[in-house]
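K.L.:
In order, the protein sequences belong to chains V and P.
FYI, the numbering for the first sequence is 1 to 305, going by my numbering.
FYI, the numbering for the second sequence is 1001 to 1300, going by my numbering.
Think of the hints as simulated: they come from the structure by calculation, not from any bench.
All values derive from a computational prediction rather than experimental measurement.
C-beta atoms are modelled at their ideal positions from N, C-alpha and C, and glycine is treated no differently.
Each hint should be verified, as a subset may be incorrect.
The calculated label-pair distances, taken between Cβ atoms and stated as ranges, are [what the hints assert, rightly or not]:
| hint | chain 1 | residue 1 | chain 2 | residue 2 | range |
| --- | --- | --- | --- | --- | --- |
| 1 | P | V1091 | V | P199 | 52 to 58 Å |
| 2 | V | F64 | P | R1154 | 18 to 24 Å |
| 3 | P | W1046 | V | T95 | 44 to 50 Å |
| 4 | V | F41 | P | V1091 | 51 to 57 Å |
| 5 | V | F41 | P | F1285 | 30 to 36 Å |
| 6 | P | R1049 | V | L152 | 47 to 53 Å |
| 7 | V | A256 | P | E1186 | 51 to 57 Å |
A few chain P residues that don't get close to chain V, going by computed Cβ distances all over 10 Å [unchecked claim]:
| hint | residue |
| --- | --- |
| 8 | T1052 |
| 9 | I1140 |
| 10 | L1188 |
| 11 | V1212 |
| 12 | P1244 |
| 13 | E1286 |
Taking beta-carbon pairs under 7 Å as the criterion, some of the chain V residues facing chain P (in silico) [unchecked claim]:
| hint | residue |
| --- | --- |
| 14 | D20 |
| 15 | L28 |
| 16 | Y45 |
| 17 | F47 |
| 18 | Q75 |
| 19 | L135 |
| 20 | H219 |
| 21 | P223 |
| 22 | A224 |
| 23 | I249 |
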Amino acid sequence: MSIRAGALRGVFGAPVSRYDQASALWLLAPMLAVLLVVAVFPVLYSFWISLFDLRLTRPHRVPFVGLDNYLEVLQDELFWSSVWRTTSFTLMSVTAIMVIALAMALLLNEEFRGRRFLSAMLLVPWAIPYVANGLMWKWIYDSGYGALNGLLFQLDFIDKYMVWLGDSHKTLALIANAFVWKEVPLATILLLVGLKSIPADLYSAARVDGADLWRRFVHITLPALRPSFMLVMIYETMMAIRHFDLFFILTEGGPAEASHVLAWQVYVETFRKLSFGTGSALAYIMALVTFLLAFWLIRTLGRKL
Amino acid sequence: MKGLGRNVLLFTASALFLVYVLAPVAWLVSSSVQQEAEITSRPPHWIPRQPTLENFEAIFQAKEKKVTYETRRAGDPATGGYIPSTARDLVPSMWNSLIVAVSVVVLNLLVAVPAAYAMAKIRYIGRSTSIYFMLTTRVIPDIALVVPFFLFIRTFGLLDHLGSLVITYLAITIPFSVFILVGYFESLPDELDKAARVDGCSRLQTLLRVYVPLAMPSLVAVVLFTFLTSWNEFLLALMFTQTPASQTMPIVVASFASDFTISFSFINAAGVLAVVPPVLMAVVFERYIVSGLTAGAVKG
Chain V
1 MSIRAGALRG
11 VFGAPVSRYD
21 QASALWLLAP
31 MLAVLLVVAV
41 FPVLYSFWIS
51 LFDLRLTRPH
61 RVPFVGLDNY
71 LEVLQDELFW
81 SSVWRTTSFT
91 LMSVTAIMVI
101 ALAMALLLNE
111 EFRGRRFLSA
121 MLLVPWAIPY
131 VANGLMWKWI
141 YDSGYGALNG
151 LLFQLDFIDK
161 YMVWLGDSHK
171 TLALIANAFV
181 WKEVPLATIL
191 LLVGLKSIPA
201 DLYSAARVDG
211 ADLWRRFVHI
221 TLPALRPSFM
231 LVMIYETMMA
241 IRHFDLFFIL
251 TEGGPAEASH
261 VLAWQVYVET
271 FRKLSFGTGS
281 ALAYIMALVT
291 FLLAFWLIRT
301 LGRKL
Chain P
1001 MKGLGRNVLL
1011 FTASALFLVY
1021 VLAPVAWLVS
1031 SSVQQEAEIT
1041 SRPPHWIPRQ
1051 PTLENFEAIF
1061 QAKEKKVTYE
1071 TRRAGDPATG
1081 GYIPSTARDL
1091 VPSMWNSLIV
1101 AVSVVVLNLL
1111 VAVPAAYAMA
1121 KIRYIGRSTS
1131 IYFMLTTRVI
1141 PDIALVVPFF
1151 LFIRTFGLLD
1161 HLGSLVITYL
1171 AITIPFSVFI
1181 LVGYFESLPD
1191 ELDKAARVDG
1201 CSRLQTLLRV
1211 YVPLAMPSLV
1221 AVVLFTFLTS
1231 WNEFLLALMF
1241 TQTPASQTMP
1251 IVVASFASDF
1261 TISFSFINAA
1271 GVLAVVPPVL
1281 MAVVFERYIV
1291 SGLTAGAVKG
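Whole structure, please, built from the sequences with the hints as guidance.
P.N.:
Below, the structure written as structure tokens:
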């Protein structure tokens, strides 16, 4: 059997040996089983639940309502304002992440003493749990004794301590800042991979042609970086849309509804109102939206493997 | 002159870089070793004038001490530095986090290594389907899994049990582990496979004797990612744990944050404890993490 298996390797389109087929299935079986139970089944089940009016406050009567939960969600004004807030949180965060990460990746792409130290320190925000990150920023933004007030006061930018997270005009931007700080390292590392794959002779050729630093950046670096830039941007967009932890720790959706985003609404609907039907419908809508984005990502990554 | 200009630029950029990355954490650490009186000074003391470890002591001794209103007032009457009664849950919750994380790591390796080997090195019908299947499961948002998981886990009586966390964390870690490993196995030469098979090794033997020893760097990356993901996970733990018996570290720490009577210095000390293990791991094993992220292209 080993001879048959050996014979077919490397010959494109050669028939698959029965031994290979069987052993592949055995090796894959544990993963397929686990993913079916913990990923595929929940997703299908979630859709099934979304067709029922399931409320934990009324566990014995669970009428089938078809797509009514979806209609109810789509007619809810709070849903649309949450969509808007999620969108603006995502736009703010992703823009800032891409700008900061690109700057950091460009720095780390240079050869200089201390570069390794910088890239090790870059992992600090990445490794910190989101809960601790939220706690840390909550303390920094504190209106009574926080570092942000202290710093701005000492630098004479403000003449008295201000309310930060409690100000509904600033909340989303401040949460986005905490999110950006934690997400930048990953984006930087991924962009750096893209930068390193640009052939050095492109730059030396451009230098011979008399292109200055700025032109080399615009005409070589940016176009060559496009694929990894898109990949990181889509990934971070998905992360921002579904983000929950910081909203829980920093504001619980408040003040009023200033940080009431979609992920927070799913939480409120299911675990505060205990309405699992509409909660599932909401979660399903969110999953579909992120999945459309993810589709592109999957195709790119699938082609790579 | 050009060299000097470049150096000044690089130095300035590096300084900005370090301030951005480290200043918030430095402030967290600095305020965790300040007393309540000092932490509430305006403007803040960036460097503590009387550093103290009493916040950490409070966490580690919370189990022995009976905390009542009187004892906590008596502990620090001038400032009223409140130590919450839930302080005693913090150390056990870190054990819970550790147990969950280690279990998830072990199960991940058992499941992901064989699957990744099959995808990378064996030609079989359905190969690309299984790859796309794996990638698709990777992008399911965890918030969409919460409701079905909750009902599922309640049916099996696993609510408030560490097992529920282990099971659900597999869903968010396995696809990424497989992805990293497939990338790595593919980079190893096919000839190794051929040679081992000619020598009479079965597929499983080839994997265990030839590829696993060679794939050590990517295995370390998988262990680190899985551990950190489990250690840091919040949303699912929030839903499935109810009592200190199963609460993990992020849940207990979050409960401090929402209690307004607790002193800031205590919350910050808890935050520092939560941050130290993952940050140490990440910085010590930086090389493996960066190579893992690079191979895996995107964190799961």
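K.L.:
Give a verdict on every hint.
P.N.:
Consistency of the hints with the structure:
no.: 1; hint: P:V1091 <-> V:P199: 52 to 58 Å; result: holds, 53 Å
no.: 2; hint: V:F64 <-> P:R1154: 18 to 24 Å; result: holds, 21 Å
no.: 3; hint: P:W1046 <-> V:T95: 44 to 50 Å; result: violated, 30 Å
no.: 4; hint: V:F41 <-> P:V1091: 51 to 57 Å; result: violated, 36 Å
no.: 5; hint: V:F41 <-> P:F1285: 30 to 36 Å; result: holds, 34 Å
no.: 6; hint: P:R1049 <-> V:L152: 47 to 53 Å; result: violated, 22 Å
no.: 7; hint: V:A256 <-> P:E1186: 51 to 57 Å; result: holds, 52 Å
no.: 8; hint: T1052; result: holds, 17 Å
no.: 9; hint: I1140; result: violated, 6 Å
no.: 10; hint: L1188; result: holds, 14 Å
no.: 11; hint: V1212; result: holds, 13 Å
no.: 12; hint: P1244; result: holds, 16 Å
no.: 13; hint: E1286; result: violated, 5 Å
no.: 14; hint: D20; result: holds, 5 Å
no.: 15; hint: L28; result: holds, 5 Å
no.: 16; hint: Y45; result: holds, 4 Å
no.: 17; hint: F47; result: violated, 9 Å
no.: 18; hint: Q75; result: violated, 21 Å
no.: 19; hint: L135; result: holds, 5 Å
no.: 20; hint: H219; result: violated, 21 Å
no.: 21; hint: P223; result: violated, 20 Å
no.: 22; hint: A224; result: violated, 17 Å
no.: 23; hint: I249; result: holds, 6 Å
Checked against the numbered hints above, the structure violates hints 3, 4, 6, 9, 13, 17, 18, 20, 21, 22; every other hint is satisfied.
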